[in-house]
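Those sequence lines, one after another, are chains H and B. First residue of the first sequence: 1, per my numbering; consecutive thereafter. First residue of the second sequence: 1, per my numbering; consecutive thereafter.
It is possible that some hints are incorrect.
[To be verified] Computed footprint of chain H on chain B, listed as stretches where at least three residues anywhere in the stretch have a Cβ under 8 Å from a Cβ of chain H:
hint	region
1	757-764
2	799-811
3	816-824
Keep in mind the hints are simulated off the structure, nothing from the lab. Just so we're clear, the structure is a prediction, and the values are computed from it rather than from any experiment. In this text, a Cβ means the ideal position worked out from N, Cα and C, and glycines have one as well.
Number of protein chains: 2
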Amino acid sequence: MTKQWVYLFSAEKTEGNKDMKDLLGGKGANLAEMCSLKLAVPPGFTVTTEACLDYEKNEKAINQDVKAQVLKAIAEVEKLTGKKFGDNANPLLFSVRSGARASMPGMMDTVLNLGLNDQSVLGLAKLTNNERFAWDSYRRFIQMYANVVMDFNISLLEATMEDLKEARGVHDDTQLSAGDLKELVTVFKKIILEESGESFPTDPMEQLWLAIAAVFNSWGNPRAVKYREIYDIPHTWGTAVNVQSMVFGNMGDDCATGVCFTRDPSTGEAKFFGEYLINAQGEDVVAGIRTPQPINNFSKNDSNKNFKTLEEAMPKAFAELTEVYKKLEGHYKDMQDIEFTIENKKLYILQTRNGKRTAAAGIKIAVDLVSEGILTKQEALLRVNAEDLNQLLHPRLDPKATKKMIAKGLPASPGAGAGIIAFSSERAHTLAEEGKKVILVRQETSPEDIAGMVASQGILTARGGMTSHAAVVARGMGKPCVAGCSALMIDYAAGTLTVDGKRYKEGDSLTIDGGTGEVIEGIVPTIDAAITADFATFMQWSDEFRKLGVRTNADTPEDSKVAVKFGAEGIGLCRTEHMFFEKDRILAVREMIFANTLEDRKKALAKILPFQREDFVGIFSALNGLPVNIRLLDPPLHEFLPHTNEEKKELADSLGLDMKTIEHRGEQLHEFNPMLGHRGCRLGITFPEIYRMQVQAIAEAAVICTEKGMTVLPEIMIPLVAVEGELTILKEDAIAEVERVFKEKGKKVKYKVGTMIELPRAAIMGGQIAKHAEFFSFGTNDLTQTTFGLSRDDAGKFLPEYVNKTLVPTDPFVSIDQDGVGFLMKHAVTEGRKTNPDMHFGICGEHGGEPKSIEFCHKIGLDYVSCSPYRVPIARLAAAQAAIKNTK
Amino acid sequence: MTKQWVYLFSAEKTEGNKDMKDLLGGKGANLAEMCSLKLAVPPGFTVTTEACLDYEKNEKAINQDVKAQVLKAIAEVEKLTGKKFGDNANPLLFSVRSGARASMPGMMDTVLNLGLNDQSVLGLAKLTNNERFAWDSYRRFIQMYANVVMDFNISLLEATMEDLKEARGVHDDTQLSAGDLKELVTVFKKIILEESGESFPTDPMEQLWLAIAAVFNSWGNPRAVKYREIYDIPHTWGTAVNVQSMVFGNMGDDCATGVCFTRDPSTGEAKFFGEYLINAQGEDVVAGIRTPQPINNFSKNDSNKNFKTLEEAMPKAFAELTEVYKKLEGHYKDMQDIEFTIENKKLYILQTRNGKRTAAAGIKIAVDLVSEGILTKQEALLRVNAEDLNQLLHPRLDPKATKKMIAKGLPASPGAGAGIIAFSSERAHTLAEEGKKVILVRQETSPEDIAGMVASQGILTARGGMTSHAAVVARGMGKPCVAGCSALMIDYAAGTLTVDGKRYKEGDSLTIDGGTGEVIEGIVPTIDAAITADFATFMQWSDEFRKLGVRTNADTPEDSKVAVKFGAEGIGLCRTEHMFFEKDRILAVREMIFANTLEDRKKALAKILPFQREDFVGIFSALNGLPVNIRLLDPPLHEFLPHTNEEKKELADSLGLDMKTIEHRGEQLHEFNPMLGHRGCRLGITFPEIYRMQVQAIAEAAVICTEKGMTVLPEIMIPLVAVEGELTILKEDAIAEVERVFKEKGKKVKYKVGTMIELPRAAIMGGQIAKHAEFFSFGTNDLTQTTFGLSRDDAGKFLPEYVNKTLVPTDPFVSIDQDGVGFLMKHAVTEGRKTNPDMHFGICGEHGGEPKSIEFCHKIGLDYVSCSPYRVPIARLAAAQAAIKNTK
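Could you put the whole structure together from the sequences, leaning on the hints where they help?
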């Protein structure tokens, strides 16, 4: 028996279900599921993802088995609809859509009205008694087909249509007559033949095969590849093809097409929300060419409040839709994003899927679904993508700041963004690479703009609604977006944006507030995100389930406070070198570096001591009782040297040295590979007085805070240990210094001494080193650099190419390389626990805030992760998800 | 029962034996052994190394048990000798010497005649009826004791004695009268009291305790520490103390003292060899103050040929000595270094040990001992320190070169050395650090000069014989040495060396030939070492036993030929980048770097292709049939950029670019950590055309050589692989290119493709990577750098301190870090063999020529090691020794 390549879906007979996403894609699986639920789904069939992979393997040819099964499926659909594919009098028309395992909005291409040609268009006109509709459908088909299947540059066709509209003096497509559209069809076909040398195919079967092939091909188009890279979707999944009999929202004023969400995708409120267009086809809503109408009062906003709602215009269809959405949400136990078409007042459901939402909405929905008894806490926790919390945690516009609002659009994706204007994806990308913050300003966005959107702080569009491409994608990315801001006059050619007569150019500053839709001139100051009750509940649930502790990497009392507010349970990494750079102490640091004798060096260190002590008092106070892991000086000394001639001169004058000496010391300290140089505990070994000063500052600060009645738990971390002896010597030295201070002050405070595991050798020797450490903290940034032999500062020249070519599954500096770096971590944990069962294990590399890495840390049994303050909630949720996924 | 801290040795009662070196030290164990052999050894006792360690642990106090056992041992010796320690009439006198587990010549301090004071010196004079002898002994004792035990600067005493000799108009110490010596004793004691504030101790027991403590202390003196570092002797061994009743070589003209070797230590010839002095004490021979006399005709040389031999002067003692040396060599099965004293014509043996020898002598002795049936081949192979072969393998003076010999000294250590003159150890060291080649020129050397000797190309002394400090140490180091060159007039203060009226200053060039004793003006060209028949035999035995293959690292046909001559079985690493630097191609390389398009890059590469092909033809021809492992381009491109302004200008003119562009490209290519940058296979991934050109050159060269009738076995090595995909892509690419060439030329040649394992991740993923490789070659230089996170170029600032503080047992760039780097190697071998049982494993880091690392490679089951051409014989022997030691 041959493999089943094609699966039928219809109310009468359905071969798939919602759990078959791998084979049928998300769209195909849900179409089958909806058929089983007896919803009004136009019948059709799905060609499997396996057929796509087979096509690719088969040198881009559809195999004969697939073809035979497609023909058989067409015959079944003909039976169900009573129409005939390729018939001139009663033509069965198809939509052809891609559908991959994961939702990839706008990434894959769609063709509607397939099956039309010069003969069947006449039959359709006659059958529907609607000539204009028939020719409009044919015109749309040619445009879409030329674009998607023939890879034809359709701007020529669009321009022709615009010319005709101008000649007729009309603004809307709907104002063109049947005759106009007929004329357009003739011209379109002529242009296509002239420009491409190919006739537009007239045989419906040929149209279908080419369309299926085009969907398969589109899996590999650069936009799709780019999207998968951004969202980490394997290139090996392939896409299915859904071939579905057409229903028409553009057959007249008793027709419509729309998109709705079972809850508000921006806020998560349990209110039905959507947009629709009368007498239109599906792509009209998404493309943002006409501003869509609200389906109900709840869906009204400033730009659509004067339109009739669907509830008002077609109450019966709206009532049916209400019944359907409730059924679907209950069935899927999640907020649904539903596409529908109303053909001559009859409602058809074309698609349902779990709806994209903002992080805030995601949390509200999850919390609500638990209180509605639909989900368990664990299920709810798994429903929210931890990374998405990012958008909740970043600052909002300071409401007290004076701001010059210049326009208002739709609040399409919350959060505040500010930067300089860029009018194209390429420019946005280039400017961002130059280190600039950018706001991408477009008429409307399209999948070509993905890279520019990623590079931007926010997206501003002149057209399109809440479900437009810009809005949907921005929400997914957690970027602020203001959409459909019709006050904007954008002139790409001139590179200007005009609002109310005032002109802005590339490089001018703008701020947008995606939560309110405001567009503001200049850069507006921001304030921290407010934490909602739902968010607090959700985070509390995370804490119930997670096994990993969550700490933060913070070097200042301010950062520490933010982190504690976000739930940090201590500091996992406090870098002391940042303190050295501050204006009031860098001179003493340089004096120390230029000291010729131990005595002079100690004198300079004595000047730094009070500053360090004050720093630690500040941090201990901010953490009040939570552990504070302090890493002793790590960078090579040359990092502290002056760079500009001015600075050098200042230093020379201050130290009474000549410029030559300053230069000479710089040369002496120069390193070929500073990353592998004289740094970390190597400094501690050669200049023990530096670490001693730092340890003294820690101990004295601990005593001061304790005397004030605070609890203090300092952890002294020795960095860059490679050999056991480094730790034994420096630990002994640190303990001696601490005890000396305690004796002097007549006060004892609990403290720990441990080390960072950030070199392969340290991980390998974990069992030996653990004997002398009270904790290990994995410094996975450096551990990744040394394990790969890859300098993070230099990898930019080739690492992106490695990611593109999937030589590495993801950038190893973003997500832990579990095979390589992870092997060393596991080894260190296993061996370390053997020789020291009381050992405490943490991670303080940037991976400590990345969900996949956090799951890995959970699996290998670390005690905590540590990450930047704004990522603390992400880490808490990711840790809970790791625990839930891994308890079975 | 308390521990035994003291072991008696005497013909009557002996508690130790030769296998107790760990406890009694080499000297003590051999004294005990000789007593058991009933040789005439003056009785005494050994205080154990454990007592030394106890002393150190015990805050430098000798414990009461040790003291009690010493007192008991003294009583036993008193019984055996009939003398009494501390007696004024019949005093028992002692020599006190250190004796560690390994021989450390000149490192530890000795005191003779201990027990003398103002009373007993009179008793000794009366008893021996030799007043001059008694006062000379007392004078010597005060000098030695002040120096060694009291840490007194004895140059004051020496100057006083020189003044007295001048006043008396005499040249030799022996010409001073008893009265003179008595006067000296008085003055010496006065000077000591005045300068140090301490009286010279008069109580013999106090003298002894302080002397024992001084020996224990001397274990930690800087010279001893330095020596142990050079010779890799653990600091934890400690030293024993040998307290032996005195016999006197300075009692008159029927007395003598001497040192002899059972075979010639320079050549290994089976001829008895030695030097002695009449009426002298032991240190006179070694210190080189008087030129010693030959013990027999064979021991005569230019500077001593007119002296009487011991055979002539004291035939009976000589005959006894002959009997003794034969007995000892037969007993120890090795060439012995024997110290003797003749007191009133009676021969005493004071010490025996395996004699230090040149590498050439070592091999000859080993081969002879096998043919004499004394040793097995395996034992013989283990007798020679593989590292010592180094001195045989380096070039000698070109006999055809014109040379201006300015003086001739003793041929004290073979080999040729050339460099600029340095008159002190410090200067030698400093100049060497500046990259200069240095000849250390001294009156005589002392342990303080060790560092300078290490830093020099060769050592030239004006005084001292074949057994002088300079000669013994230089032979051990494998450095050329000309000793006792009395024609030299050295003026340290003026910094000049005058020979025959011509003056040489620091910085002037000299060449010495340690094989002939010649001192030559200027730098003389050298030629390769000739291989002796004994050497060939010895190497052949090595090959019989070793399991590891030995290849060489060579980039040119010339180097390859040297290596093959030394027994290399192929090339383990042929670096292609050195070829890029050659004058005739560097311009094309730079053109390639500056190419803006793929086409331009290919054009530039096409210019390099013929050169590369020619290089490979040359190397294949030199290797004729042996495998040649070629590493594709490894360094980052910026290494090939011009550095000087001149070069930049030349390049700009040649490429028609302006200087700005040249500078700009340099900035673009600059890397923060080049070691971890865009190099190795990362270049191959981003610029595949570079590797393709190299592979094309290899394939074409292979075809050319095959067509000439040669056998060729190229191995293409992809460097710096970190992830599996790098190897799969580049291997496929290389195979495609090779097959393309073979198809074009209509000829096929066998070849392999494999990779270097030089990053921790590659070793960790060994199992995965092995699936795509035909061989792994461990690049342990880079693997050490990344495993330790240690840049070899920058480590100079702290690594020496790490070695000094024994944070690392040895420099990990010299000998493989078996715990860390070795763990990764073992892992890669184990995992690699699992997925690819046919895998071939080698090593091409510099460790491949280091004996301890070679033993490690043997143990983990590598197939071959690869090293620099001159180290190939060392590797062959070390591999044999590893196999012999590890087959049980």
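For each hint, the structure was consulted:
no.: 1; hint: 757-764; verdict: holds (count 5)
no.: 2; hint: 799-811; verdict: holds (count 6)
no.: 3; hint: 816-824; verdict: holds (count 6)
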